[in-house]
Amino acid sequence: MDTVQNGQTAQRLSVVFAVRVIEGGEQGFLEMYEQIRKTVARSPGHIVERLGEPVDGSRQWVITSEWETPEHFFAWQQSDDHQALVAPLRNWVDSTQSLRFRVIKETVEEKS
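So that you can map any letter, position 23 of the sequence shown is 503 in our numbering, and since no number is skipped, the others follow by simple counting.
Read the hints as simulated data drawn from the structure, not as lab findings.
Don't take each hint at face value.
Beta-carbon label-pair distances, calculated as ranges [unchecked claim]:
| # | residue 1 | residue 2 | range |
| --- | --- | --- | --- |
| 1 | I502 | E551 | 31 to 41 Å |
| 2 | Q557 | K591 | 17 to 27 Å |
| 3 | G532 | R582 | 16 to 26 Å |
| 4 | A564 | K585 | 28 to 38 Å |
| 5 | E506 | S592 | 30 to 40 Å |
| 6 | S592 | A498 | 29 to 39 Å |
| 7 | Q540 | S592 | 17 to 27 Å |
Every residue gets a Cβ at the ideal spot worked out from N, C-alpha and C, and that includes glycine.
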């Protein structure tokens, strides 16, 4: 979906980060996520972030975020600050997968 940024068209980026939390590590994972999320929210270009908890006992959690442009996300992801910030979170997960998508359509139900 095109957005306008500084008078120019930009493409929003949606990121899906799937993490498998270690057995018994849910509380530690949640505590680390809580410390990280507000810092991420202040990053240039960050729009929204959501944490999804598994409902099937799989220990597979999902963190989704949306960014104004891919460049905003990649600048944050490749920064030294990002690496230092997320390093402690890795103690609570045993596998991760990161997927990135350019947002081309969005449907929001209108409330009356």
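Hint by hint, here is what the structure shows:
Hint check: I502 to E551, Cβ distance near 33 Å, so the stated range 31 to 41 Å holds. Distance hint for Q557 and K591: a CB-CB separation of about 34 Å, inconsistent with the stated range 17 to 27 Å. For the pair G532 and R582, the beta carbons lie near 21 Å from each other, so the given range of 16 to 26 Å is met. Separated by about 36 Å at the C-beta atoms, A564 and K585 satisfy the suggested range of 28 to 38 Å.
Range check, E506 to S592: Cβ separation about 39 Å, and the 30 to 40 Å hint holds. In this structure, S592 and A498 meet the distance hint of 29 to 39 Å, their C-beta atoms being roughly 35 Å apart. The given range of 17 to 27 Å is broken by Q540 and S592, whose C-beta atoms sit roughly 36 Å from each other.
Of the numbered hints stated above, those contradicted by the structure are hints 2, 7, listed in ascending order.
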